[in-house]
Amino acid sequence: MDISGRRKNETAYAKPGPARRFLKQWDIQLMALPAMLFVFVFSYIPMYGVLTAFQDYSLFRGFLGSPWVGFKHFEAFFHAPVFWDVMRNTLVISSLKLLIGFPAPILLALMLNEVRSRIFKRTVQTISYLPHFLSWVIVAGFVSSLLSTDNGSLNLLLQKLNWIEEPINFLSMPEYFWSILVATGVWKEIGFASIVYLAAIAGVDPHLYEAASIDGAGKPRQMFSITLPSIVPVVVVFLILAIGNLLNAGFEDILLLASNPILRDVSDVIDTYVYRIGIENSRYSYATAAGLFKAVISVGLLAGANYWARRSGNSLW
Amino acid sequence: MAFRKRALHLALAAALTGTAALTGCAKNEGSSSSPSPGSSAPPASSASEEAGAGFALGEQPLEFSFYGHYDWYTMPPWGEDLATKWIKENKKVNVVPVSSGGNAKQKMSTMIVSGELPDVIWMERGADVEKLRSEGMLVPFDDYLDKYPNLKKWAGESTLDMLRSPDGKIYQFPNWYTTQPNGNSGYLVNKKIYEELGSPSLETTDDLYAYLRQVKESYPDVVPFEVGQGAEGIDILTSAFAENRPYLYSSLHMLAVPSGDRLTSVFADPVFRETLQLANKLYREKLMTQDAFTQKLEQVEQKVVTGKIAVYAASSPTEFGSKGNAALSSEDPSAGYIIVWPIHKAGLDRNKIFPGDYKQLGWNVSVITKAAKDPEAIFAFLDWFTGPEGQRTIMWGPEGLYWEGTDDEEAPLFTDKFTSDPQGRDELMNSTVNFQWNGNTVYVDRSKTKFESTLPPEKRNWETRWQTEITWKTQYNTTEFVNLAPAGDSDEGIISQSVIEIYEKAKAKAVIGAKSEDEVLAVLDQAEKDAQKAGYDRLLEYKTNKWRDNLKMLNP
Amino acid sequence: MKLSTGDRVFVAAIYIALAIVGFTAFYPFWNAAVVSFNSGADTLKGGITFWPRAFTLENYRVVFEDARLIDGFVISILRTLVGTACSIAATAVFAYGMTKKELIGRKAYMVACIVTMYFSGGLIPSYLLIRELGLMNSFWVMVVPGLISVWNMIVFRTFFAGLPAGLEESAKIDGCSNWGILVRIVLPLSGPVLATLSLFTAVYHWNDWFAPSIYITNADLLPIQTKLQQILNSNIMHEQLAQMDSSASSHMGRMRSVTTKSLSMATMMVATVPILCVYPFVQKYFVKGVLIGSLKE
Chain A
214 MDISGRRKNE
224 TAYAKPGPAR
234 RFLKQWDIQL
244 MALPAMLFVF
254 VFSYIPMYGV
264 LTAFQDYSLF
274 RGFLGSPWVG
284 FKHFEAFFHA
294 PVFWDVMRNT
304 LVISSLKLLI
314 GFPAPILLAL
324 MLNEVRSRIF
334 KRTVQTISYL
344 PHFLSWVIVA
354 GFVSSLLSTD
364 NGSLNLLLQK
374 LNWIEEPINF
384 LSMPEYFWSI
394 LVATGVWKEI
404 GFASIVYLAA
414 IAGVDPHLYE
424 AASIDGAGKP
434 RQMFSITLPS
444 IVPVVVVFLI
454 LAIGNLLNAG
464 FEDILLLASN
474 PILRDVSDVI
484 DTYVYRIGIE
494 NSRYSYATAA
504 GLFKAVISVG
514 LLAGANYWAR
524 RSGNSLW
Chain B
1043 MAFRKRALHL
1053 ALAAALTGTA
1063 ALTGCAKNEG
1073 SSSSPSPGSS
1083 APPASSASEE
1093 AGAGFALGEQ
1103 PLEFSFYGHY
1113 DWYTMPPWGE
1123 DLATKWIKEN
1133 KKVNVVPVSS
1143 GGNAKQKMST
1153 MIVSGELPDV
1163 IWMERGADVE
1173 KLRSEGMLVP
1183 FDDYLDKYPN
1193 LKKWAGESTL
1203 DMLRSPDGKI
1213 YQFPNWYTTQ
1223 PNGNSGYLVN
1233 KKIYEELGSP
1243 SLETTDDLYA
1253 YLRQVKESYP
1263 DVVPFEVGQG
1273 AEGIDILTSA
1283 FAENRPYLYS
1293 SLHMLAVPSG
1303 DRLTSVFADP
1313 VFRETLQLAN
1323 KLYREKLMTQ
1333 DAFTQKLEQV
1343 EQKVVTGKIA
1353 VYAASSPTEF
1363 GSKGNAALSS
1373 EDPSAGYIIV
1383 WPIHKAGLDR
1393 NKIFPGDYKQ
1403 LGWNVSVITK
1413 AAKDPEAIFA
1423 FLDWFTGPEG
1433 QRTIMWGPEG
1443 LYWEGTDDEE
1453 APLFTDKFTS
1463 DPQGRDELMN
1473 STVNFQWNGN
1483 TVYVDRSKTK
1493 FESTLPPEKR
1503 NWETRWQTEI
1513 TWKTQYNTTE
1523 FVNLAPAGDS
1533 DEGIISQSVI
1543 EIYEKAKAKA
1553 VIGAKSEDEV
1563 LAVLDQAEKD
1573 AQKAGYDRLL
1583 EYKTNKWRDN
1593 LKMLNP
Chain C
524 MKLSTGDRVF
534 VAAIYIALAI
544 VGFTAFYPFW
554 NAAVVSFNSG
564 ADTLKGGITF
574 WPRAFTLENY
584 RVVFEDARLI
594 DGFVISILRT
604 LVGTACSIAA
614 TAVFAYGMTK
624 KELIGRKAYM
634 VACIVTMYFS
644 GGLIPSYLLI
654 RELGLMNSFW
664 VMVVPGLISV
674 WNMIVFRTFF
684 AGLPAGLEES
694 AKIDGCSNWG
704 ILVRIVLPLS
714 GPVLATLSLF
724 TAVYHWNDWF
734 APSIYITNAD
744 LLPIQTKLQQ
754 ILNSNIMHEQ
764 LAQMDSSASS
774 HMGRMRSVTT
784 KSLSMATMMV
794 ATVPILCVYP
804 FVQKYFVKGV
814 LIGSLKE
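Protein chains in written order, with my numbering: chain A, 214 to 530; chain B, 1043 to 1598; chain C, 524 to 820.
Simulated from the structure, these hints should not be mistaken for lab results.
Straight-line distance between alpha carbons at most 20 Å, and here's what the computed EDC-like set of lysine to aspartate or glutamate pairs gives:
id, chain 1, residue 1, chain 2, residue 2
1, B, K1557, A, E388
2, B, K1147, A, E493
3, B, K1323, A, D363
4, B, K1211, B, D1170
5, B, K1547, A, D298
Where chain C lies over chain A, by a calculated footprint (3+ residues, C-beta under 8 Å):
id, segment
6, 234-245
7, 255-269
8, 351-362
9, 411-420
10, 509-522
Beta carbons are placed, not taken as given, at the ideal position from N, Cα and C, and that holds for glycine.
Using the sequences plus the hints, can you model the full thing?
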């Protein structure tokens, strides 16, 4: 689709003064401004709360009564002995999630698109999104009984196949943790995440397939040269958002799957660490400081991703 | 676009001042001006002014709001079950629940910042209570204590003294306080396996080790030594290696081992080190749960209920034990569970082994906030509630159903229906369990055992039997070690958090990571170094001082 | 359409892969359903897989013991319908405005919106704001604060931008205003994305138990999720107690045929099945060629 072409006429607006131009486009401003006002009220007014990161915030004293302490909590956070471990785990885990968890639902959507039988398609579609609705507590229960050493199904299977002699203690071995975490996450969200790509695929012009198959393109070719390119704008936008989310490596999943403290060297990420150190001990300012640090980095990552995407013409701004 | 910027500044400033007004008033004058939700209590001045007379429960109506400060606590509607219905009708008391909504911490913050505290908060003893107290949000009970008989009588002086805040006053109404030992901690043994293996001696740690090996050989699909969720059983096992040593010392809740008149490092404690060496050996030889640190509670429950364990050590093994005993013995009368006398290391006195502990103060407390219009009336109710009449009613329902009349010690005389209608009784107890805010351990236990002793042995409750025979005799009084934990946001609190992290990791590494017993010691030595670096000494100093304060209060 | 051998293999591989995905996704959910219909005591013995062994409705009886659950159900449905409709309408309009390159301040608006996705003042300032606005204990507190979703706006915008430009141009020549184009051309062509985002928003509204638990104290106004959360929480109470104080746990212990596991499964079924039923209706809108059909008109 030629995006530069459809927007040609907008330069016509560029002549009169800003105020006049603004009034002239009242109709589209009326679409955006009320919403922005809304965002201002519900997101920006409460935003003064981030400043508590620079305070020793006390619930009893309130925002104005709490003493200002500068970067104390940031320093404490950066100087924590485990800071670099936690950063490394955060980045590794979320990169793995991005690398595997991001393309998986796209692939699922592409595969579903190839299915002709409507009943089969709809059934798989509906079923694959079920795990999204299972709470992590329930999922962790399943995973831990599946991987258990005594009578865990996976160990029993591997033993029956004679691949292993002794049961493997999967959930207590650091080397398996990342794989278990990522696999569980993909399994849980793949169906739900694929919905939006299915919606995008629904917008593809069917004539394109007819033309391609007349040209002799096989099914796999069609998938990669028609379907996939058509959903690129959506994919790119989600990719930018996902990159902005790199510091959110997960929380509940890690908390529940890494219940063995021996895994902490590989499982502790910013959110789980801050939860234990900050929230559980009511150190509000510390937790806020860590959150603020994350937000700054995230917006930086997002801006970087957006800059890169601008070249493909699908940036956020 | 300059005008937009200015507007933004203006609005931001307005917002800030708006909230400033709010947060400013939250400190506490707010409590008088903003009534708490649903506390349209009796005419304010009436009762507390007529000080001499006190509040006559049942004559004047009383209504207050109640908030349980736990994620998992939801107070059921008041007056919809038999017991609270009776209280509502006969004592004219109505309690309005304030729900934590599964988010106690955040719910509490919002109540504090908005100055809308509930009348009564039911919460853990310790730092949180102290914070509310030091901000002047709580009402002291000292003036009421002598006017109302029950708390003073049943809790006793030393317990009350231990509840005092640094200003010397009492702000906390205890729950399940006691003057006699109680608790369930100990070792559950699978009776059938035990008997089939010839009922070998199971007294010392060597006996235990030999028995576990025997189990492993004869019953490959049984877990010889079940240690529960989070390897709790290993904690229990520490009690076997020294006399008069509850596992509390080296557990997460204390992390300080008394030695002379000081508290010392847990990582250097010979008892703790020896225990982990044994645990490591049991793990490596597959005599212990291999999933010790990862299994969920339901997996433990399943193993115990289906008889897939030989020995189970836990702080409350009776819970799954009684379920398992019922399930197993219904299929095979010779199957079931027994509890054995606590294991000890050869050479120690078996009567000085304490696998569990109890505190006179009990579990948690109720505090009355300054939002309460008539705190004395609320105290009067709580005092009645913890007394014999209140306890009887909330435990076993109103008179005439499961009990009728009382003996000379005010214990209820149970009716035949009590034994013949266990289902209805359980249903009643289920509906009132969430109202047991001020449990009176001594009264309730005495009433229960009195009744049990009138029954023939085979009809006695499995749990009560083992409690009276073993577990209550083997719990250690650790009241002197309460309130050692520093506030989470203090310097000591921050150290404490680091030490806890080091401890958790070291314990897991020592038990399931180490390849030999020497390696266990190396892990613990490293943990000791890390902990010292994090400031463990300072924390121990803090705890030692707190402990000495406690001793002074207990033995004035 | 005839398929070549290569295509056949390709399609067969896809069917197999999808069947595997489907089964792994289905089994845990099915098992949860089975456990919810099985007696708790029996479930403890293990080995419940595809079919209940000791069928019972006891778990559901306990969930529905609280009569007010039905009110919660009504509140939840109302909230989901009203909240989704309002939010989708408001956000779609916003997103369409944001597709206009000539919109003055477009970039600033976008950046301002994106910042809110990462920077948040936390619960306490929001709580004070909601209180000042008089939304406490009101049905609207579940609808109003979530009216504009930045994430949804971005997705809408991306899809709107992908619509053929020719449509809008010709409508403009016919004298259609921007609002007219949105209502008569853009929205009718956006079935799939409208359906998708409505589903996402509905799921969010249906599942959200946190906001009501903070902002609503009147039990009659609580949605079912918050109530179920409470039922679930009070059932784990005993587990929690055992770890706190053994005296308290021995006194407050209770014996029930319902176990935490079976109850939580039943609770989960009650909480999720209604919202699960929405998806099949949404799929109706994922039909190809909607767009092309209208182009030819």
